[in-house]
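Chains as they are written, first to last, in our numbering: chain A, 1 to 215; chain B, 1 to 215.
Rather than coming from a laboratory, the hints here were simulated on the basis of the structure. These numbers come from a predicted model, not from an experiment. Incorrect hints may appear among the rest.
The list cannot tell twin chains apart, which means a pair is met if one copy fits it or any two copies do.
List time: in silico DSBU-like cross-link candidates among lysine-lysine, alpha-carbon distance up to 30 Å [unchecked claim]:
(1) K85 x K207
(2) K38 x K74
(3) K179 x K38
(4) K85 x K103
(5) K32 x K74
These are the residues of each chain, in order.
Protein chains: 2
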Amino acid sequence: MDNVTDVTVSPCSDSAYIKPLRVFYKQNGVSKTWDAVKSHDSVCILLFNKSTESFVFVKQFRPAIYIQKSELQKHEDHWKIDTGKYPGELGITYELCAGIVDKDKNLDVIAQEEILEECGFQVPLEKLQRITSYRSGEGTIGAQLTLYYAEVCEEVRITEGGGNLEEGEMIELIEVLLKDIKHWIMNESISKPATLMFAVMWFLDNKTCDTNSSS
Amino acid sequence: MDNVTDVTVSPCSDSAYIKPLRVFYKQNGVSKTWDAVKSHDSVCILLFNKSTESFVFVKQFRPAIYIQKSELQKHEDHWKIDTGKYPGELGITYELCAGIVDKDKNLDVIAQEEILEECGFQVPLEKLQRITSYRSGEGTIGAQLTLYYAEVCEEVRITEGGGNLEEGEMIELIEVLLKDIKHWIMNESISKPATLMFAVMWFLDNKTCDTNSSS
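In isolation and in its complexed conformation, chain A is listed as follows:
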């Protein structure tokens, strides 16, 4: 999945996904400006596979991570990235199963659909536990993330998952054993977001009797 080639980067002034905006306002009478991005809210789901005593995460190439870790070389009105020097694996991340809220559906229904689409498990709505909600990058993007939890097992695995191929998603499933999870989340060579790390810590605090499972 990390065979990434022919990378070109251009300025992006018109996107359905990111709206860069400048906010002008007065705070306690003082004039201020701030640059921000309006973006979609999301749902994400911590999946625990009871059959294997493992967490189920999605692994994928993320251009946003890749361009942050690479050197952009200017060519007239765009940039190129030398994929020999900066291989695609730099952009590989490990994440919770997740989806943006871009449909007029309840959040739990979107969560249910993403679990099936990305991970292949059929989870009834009543088995989805809503944990909490919070904000993504508060300085730049203020989108809301709503976190769910679902326990799954091999009996409810009905497809291979892998994401929506029509939308070009290339998602690999990975499972991390409960006994290894604490070391795994603190391993910085594995790129992952804080939301996954919080979700795992919540699980260890709420769903296990012995939180020191890895020691």
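The hints should help you fit chain B onto chain A, whose structure is shown.
Structure of chain B alone, referenced to chain A:
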């Protein structure tokens, strides 16, 4: 701090802080595009005040959150937000002490400076514990966050903090008692990012004997 008025929002095509980019690439031979934002890496610091047995957080108005929660009304080439209907308190967040990496300094030095500037505590570099690093919103922004921990006390509080007034920062310090922290982080009426929530869970797992301090 939440007396916010005269809010105008315009498209933002040239920002020192957010660079909206379109990434064109081939993944396993399949041509794909993705819209992403190049942004600054950050450091953030979980502060625990031993004198008061409290966590020290910063409270501030965040335009990125505010525009996400408000209705933007189109006026020719810009938008307005009705602050009567959408008061500034909608944009108030509670965060870790933090700063962007926009200086040619070591991360721990930036962390040390932010602790003093925002929170008023003088912390020697050797008392800063680097916990881990992770990615912010992996779909849109791939910036790296490096998390530190520092224990402080009233004896090392040398200023009132409040941020860099010259840069227009208006930051209020708040303290949340250790015994209340679990309920506080799960309280969704208090806007906060996952990074704060993970940091607190890390503390409860690593810095206390009894993680059920609030029950």
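Against the structure, the hints come out as follows:
1. K85 x K207: This pair counts as neither: shortest intra-copy Cα distance 43 Å, inter-copy 41 Å.
2. K38 x K74: both (27 Å within a copy, 15 Å between copies)
3. K179 x K38: neither (39 Å within a copy, 36 Å between copies)
4. K85 x K103: Between copies only: 26 Å across, 39 Å inside.
5. K32 x K74: Result: close only across copies, 21 Å inter versus 32 Å intra.
Comparing the model with each earlier hint shows violations of hints 1, 3; every other hint is respected.
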